[in-house]
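**Student:** The chain contents come next:
There are 2 protein chains.
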Amino acid sequence: MSQSPAAVQTFRAIDVIRKKRDGGELSRDEVASLVNAYTLGEIPDYQVSAWLMAVVLRGMTRAETAALTDSMLHSGEVLDLSWLRAKKVDKHSTGGVGDKTSLVLAPLAAAAGVAVPMISGRGLGHTGGTLDKLEAIPGFNVNLSVTEFRRVLETCGCAMIGQTAEIAPADRKLYALRDVTGTVESPYLICASIMSKKLAEGIDGLVLDVKTGSGAFMKNEKDAAFLAELMVETGERMGKQVVALITDMDQPLGRMIGNALEVVEVVDVLRGEGPEDLRQLCLELAGWMLHLGGVADSVEHGKRRGEELISSGEALAKFRQMVELQGGDPRAIDDPKRLPNARHTKKIVSPKSGFLVSLQCEHIGTACVVLGGGRERKEDPVDPAVGIVLHKKVGDAIFAGETLATIHYNAEAPALRAGQLLETSYRIADSPAQKTRPLIHRVIGRVTEKLGDKN
Amino acid sequence: MSQSPAAVQTFRAIDVIRKKRDGGELSRDEVASLVNAYTLGEIPDYQVSAWLMAVVLRGMTRAETAALTDSMLHSGEVLDLSWLRAKKVDKHSTGGVGDKTSLVLAPLAAAAGVAVPMISGRGLGHTGGTLDKLEAIPGFNVNLSVTEFRRVLETCGCAMIGQTAEIAPADRKLYALRDVTGTVESPYLICASIMSKKLAEGIDGLVLDVKTGSGAFMKNEKDAAFLAELMVETGERMGKQVVALITDMDQPLGRMIGNALEVVEVVDVLRGEGPEDLRQLCLELAGWMLHLGGVADSVEHGKRRGEELISSGEALAKFRQMVELQGGDPRAIDDPKRLPNARHTKKIVSPKSGFLVSLQCEHIGTACVVLGGGRERKEDPVDPAVGIVLHKKVGDAIFAGETLATIHYNAEAPALRAGQLLETSYRIADSPAQKTRPLIHRVIGRVTEKLGDKN
Numbered sequence: 027m028s029q030s031p032a033a034v035q036t037f038r039a040i041d042v043i044r045k046k047r048d049g050g051e052l053s054r055d056e057v058a059s060l061v062n063a064y065t066l067g068e069i070p071d072y073q074v075s076a077w078l079m080a081v082v083l084r085g086m087t088r089a090e091t092a093a094l095t096d097s098m099l100h101s102g103e104v105l106d107l108s109w110l111r112a113k114k115v116d117k118h119s120t121g122g123v124g125d126k127t128s129l130v131l132a133p134l135a136a137a138a139g140v141a142v143p144m145i146s147g148r149g150l151g152h153t154g155g156t157l158d159k160l161e162a163i164p165g166f167n168v169n170l171s172v173t174e175f176r177r178v179l180e181t182c183g184c185a186m187i188g189q190t191a192e193i194a195p196a197d198r199k200l201y202a203l204r205d206v207t208g209t210v211e212s213p214y215l216i217c218a219s220i221m222s223k224k225l226a227e228g229i230d231g232l233v234l235d236v237k238t239g240s241g242a243f244m245k246n247e248k249d250a251a252f253l254a255e256l257m258v259e260t261g262e263r264m265g266k267q268v269v270a271l272i273t274d275m276d277q278p279l280g281r282m283i284g285n286a287l288e289v290v291e292v293v294d295v296l297r298g299e300g301p302e303d304l305r306q307l308c309l310e311l312a313g314w315m316l317h318l319g320g321v322a323d324s325v326e327h328g329k330r331r332g333e334e335l336i337s338s339g340e341a342l343a344k345f346r347q348m349v350e351l352q353g354g355d356p357r358a359i360d361d362p363k364r365l366p367n368a369r370h371t372k373k374i375v376s377p378k379s380g381f382l383v384s385l386q387c388e389h390i391g392t393a394c395v396v397l398g399g400g401r402e403r404k405e406d407p408v409d410p411a412v413g414i415v416l417h418k419k420v421g422d423a424i425f426a427g428e429t430l431a432t433i434h435y436n437a438e439a440p441a442l443r444a445g446q447l448l449e450t451s452y453r454i455a456d457s458p459a460q461k462t463r464p465l466i467h468r469v470i471g472r473v474t475e476k477l478g479d480k481n
Numbered sequence: 027m028s029q030s031p032a033a034v035q036t037f038r039a040i041d042v043i044r045k046k047r048d049g050g051e052l053s054r055d056e057v058a059s060l061v062n063a064y065t066l067g068e069i070p071d072y073q074v075s076a077w078l079m080a081v082v083l084r085g086m087t088r089a090e091t092a093a094l095t096d097s098m099l100h101s102g103e104v105l106d107l108s109w110l111r112a113k114k115v116d117k118h119s120t121g122g123v124g125d126k127t128s129l130v131l132a133p134l135a136a137a138a139g140v141a142v143p144m145i146s147g148r149g150l151g152h153t154g155g156t157l158d159k160l161e162a163i164p165g166f167n168v169n170l171s172v173t174e175f176r177r178v179l180e181t182c183g184c185a186m187i188g189q190t191a192e193i194a195p196a197d198r199k200l201y202a203l204r205d206v207t208g209t210v211e212s213p214y215l216i217c218a219s220i221m222s223k224k225l226a227e228g229i230d231g232l233v234l235d236v237k238t239g240s241g242a243f244m245k246n247e248k249d250a251a252f253l254a255e256l257m258v259e260t261g262e263r264m265g266k267q268v269v270a271l272i273t274d275m276d277q278p279l280g281r282m283i284g285n286a287l288e289v290v291e292v293v294d295v296l297r298g299e300g301p302e303d304l305r306q307l308c309l310e311l312a313g314w315m316l317h318l319g320g321v322a323d324s325v326e327h328g329k330r331r332g333e334e335l336i337s338s339g340e341a342l343a344k345f346r347q348m349v350e351l352q353g354g355d356p357r358a359i360d361d362p363k364r365l366p367n368a369r370h371t372k373k374i375v376s377p378k379s380g381f382l383v384s385l386q387c388e389h390i391g392t393a394c395v396v397l398g399g400g401r402e403r404k405e406d407p408v409d410p411a412v413g414i415v416l417h418k419k420v421g422d423a424i425f426a427g428e429t430l431a432t433i434h435y436n437a438e439a440p441a442l443r444a445g446q447l448l449e450t451s452y453r454i455a456d457s458p459a460q461k462t463r464p465l466i467h468r469v470i471g472r473v474t475e476k477l478g479d480k481n
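From first to last, the protein sequence lines stand for chains R and S. So for the first sequence, the working numbering puts the first residue at 27; every next one is plus one. So for the second sequence, the working numbering puts the first residue at 27; every next one is plus one.
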């Protein structure tokens with residue numbers, strides 16, 4: 027429709043929608059005007075959802091992605107942690123099954139002298155969430171005010187909370203709309219959502235753990251690498267040191283899935299025990315956090331320092347301190363019986379002998395949701411006690427009748443359904459898989475070149 | 027996000043959005059469920075606008091387009107005109123500048139014994155609307171009830187009204203949403219919108235006039251032909267005889283633009299006078315209407331019959347009858363002074379001699395809007411008296427100082443702006459254009475093959 031030649035030229039949402047629909051590149055001002063007007067309620071959901079769908083199908087340039095991230099970041103409060111002498115480094119994972127590394131890394135990096143102001147999310151769908159895991163610890167409060175958050179951070183060097191109303195309100199509003207309009211699955215929108223929240227934490231550096239495999243949102247490595255590169259470049263454009271590790275999520279990480287069970291495994295790792303894959307990934311990520319945080323010359327040095335802090339008990343002491351500062355019962359750390367325990371357990375046994383060649387990771391996550399340990403809808407409650415313990419991982423030899431997994435449950439019907447899901451998740455063959463997937467597929471980030479590091 | 031395996035499978039808008047987003051083909055049921063739920067207010071605007079944008083960018087198959095048209099058609103009342111012995115045929119134009127053919131064709135076809143139940147729209151943007159032109163006739167009522175509409179149709183064989191609340195309510199709701207979400211420009215959505223309303227008229231045949239050129243929505247012939255084929259095939263799938271003429275809109279049709287002025291030109295054509303391009307197009311479209319209406323063996327025969335009905339005065343008498351039946355003053359037909367007249371006129375003169383090689387058609391339509399003769403927003407009022415008379419058309423020789431156009435206006439400031447627009451619309455060269463654009467570019471429709479017609 028033609029415009030009257032004398033029409034005043036101001037921001038009109040429809041022009042921005044059309045430009046993106048036709049494959050154009052939006053200016054920084056256009057992106058900012060759209061985000062600001064939406065956050066203030068000046069443009070309706072139905073215009074923004076049309077724009078979001080155009081973004082999903084047309085994509086965004088790097089400059090547009092940075093502009094979107096920046097607008098969302100500045101839609102709310104950006105924490106000023108410059109009063110902390112230590113460098114501030116966070117870690118973010120794109121989500122997986124059994125991924126409890128955040129609970130290990132925050133105290134571990136803090137014990138090394140890096141400040142970790144970690145703002146996390148809840149589990150949704152087949153993936154777990156850091157906040158749900160923390161809340162399995164009796165009394166642990168993830169809803170600190172910004173003032174309380176600062177105090178915990180100052181006292182022990184790390185603090186772990188949920189998103190506050192002040193941080194990136196544009197993201198909260200946009201995410202709720204994306205969730206119901208089929209516009210979640212865009213690397214550009216995912217990047218802006220993650221990076222705006224993380225950069226609002228006032229950090230200097232960020233280690234991204236981008237998952238790939240059957241239990242990840244990005245099933246193939248190419249998509250994971252694309253998202254990783256996008257996030258790294260967006261962070262770098264905003265003056266932050268960012269590195270992304272593409273890590274494996276083709277089977278659950280560690281052996282425990284379920285909120286209280288995962289806390290137990292976290293404590294195991296902080297004691298120098300725990301399953302090897304989880305321990306290795308934690309050390310690798312810690313190596314990067316310590317390096318970006320300026321307390322290790324190299325990632326290798328950071329890993330060794332991490333191992334020392336675990337051996338010395340300092341990392342576990344830091345975890346105990348943080349739990350106590352955030353209102354949690356520190357005795358639950360040393361005595362798993364003080365964590366929520368499910369009333370019943372039941373074993374899944376192998377019908378045949380052979381080698382475990384694959385574990386359908388998303389099904390295992392879904393089995394935990396079915397038990398009540400996760401949520402399908404944001405408003406669902408979570409049962410912290412239920413979950414699954416895996417006794418066999420990919421590559422293991424199995425005898426007929428041997429226990430593959432133990433289900434921890436509180437109600438019979440969900441346990442039956444979870445059992446059925448688990449039984450279909452195991453692929454057992456006569457010989458082991460020819461190729462094993464690496465734990466760490468790739469490392470992405472300019473920082474890797476600058477360092478001349480072994481990684 | 028994975029679903030619990032036991033989740034109940036019912037219609038969910040988000041699944042349909044995702045399927046279209048990912049390029050899938052929606053089933054008839056999926057399309058119908060979406061349209062029905064939206065019409066009933068069961069799904070929100072923001073989900074439907076995301077789906078509309080996915081349709082704009084992913085397109086639709088012919089089956090999906092037919093399903094969408096069918097769902098929209100059956101969202102409201104479908105007129106049953108089977109009690110009329112005559113065949114019911116309508117004509118629809120995609121809109122242009124100076125396009126007043128509907129006002130000629132309805133009485134002309136009715137005079138030939140074809141019933142014309144015409145439901146039309148208002149002008150928007152640079153294009154005029156049939157309802158605004160009819161309302162320039164003092165007293166003419168376009169808001170008849172369905173009962174009154176039937177009575178006029180029965181009495182004189184044609185009736186011309188605006189869209190009623192009962193006809194295709196899904197289209198009204200969807201169009202309002204498309205208008206504000208940048209999702210108007212999709213041939214699939216345009217096709218479903220037009221065809222659902224036209225087929226709700228209970229017609230047997232439809233002649234489509236798809237405009238192409240600088241004054242049309244489809245600037246190039248390829249896009250116009252694509253839309254035409256889509257509409258013809260959709261109509262044929264629903265058992266109707268449909269033909270589409272791709273006709274020229276690179277300059278205004280006829281010489282008059284503006285509501286009352288166009289009524290004057292309509293009467294000229296019905297008297298056997300008027301400009302040649304308008305007269306030729308009316309006869310061509312009438313030829314097709316009479317042929318589809320079963321009162322002419324061929325289009326050529328239909329054209330000749332149309333000429334006879336004009337010469338005999340029967341077509342004009344039919345127009346006079348319809349005007350009177352719909353409350354209009356029939357004396358205004360024979361005496362233009364009884365139509366609204368603008369208070370002032372002013373001439374646009376040529377600065378040089380030469381040949382008129384092109385007329386920027388959209389600018390001329392916009393000039394009429396600026397004068398108050400059209401509307402930028404649906405709620406704007408329209409001044410029926412103002413407009414533009416073109417004294418020169420493409421191909422004409424021009425002497426310096428000769429009048430190119432006369433502006434009919436009621437206020438000075440808009441007339442100045444309209445004059446500036448007009449002055450920039452004329453391209454005058456030393457020699458005539460090498461190629462002249464045909465009035466009728468192509469005829470599309472299976473009916474053309476079956477007939478072995480000369481067209």
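Watch out, some of these pointers could steer you wrong.
Treat identical chains as interchangeable: a pair holds within one or across any two.
Pairs of lysine-lysine, DSBU-like flavour, derived with a Cα cap of 35 angstroms [what the hints assert, rightly or not]:
# : residue 1 : residue 2
1 : K113      : K248
2 : K404      : K266
3 : K404      : K45
Note that these hints are calculated values from the structure, not bench results.
**Student:** Evaluate each hint against the coordinates.
**Tutor:** Structure-based check of all given hints:
1. K113 to K248: Within. Shortest intra-copy distance 32 angstroms satisfies the 35 angstroms Cα cut-off; inter-copy 61 angstroms does not.
2. K404 to K266: within (31 angstroms within a copy, 50 angstroms between copies)
3. K404 to K45: both (33 angstroms within a copy, 23 angstroms between copies)
Checked against the numbered hints above, the structure violates none of them.
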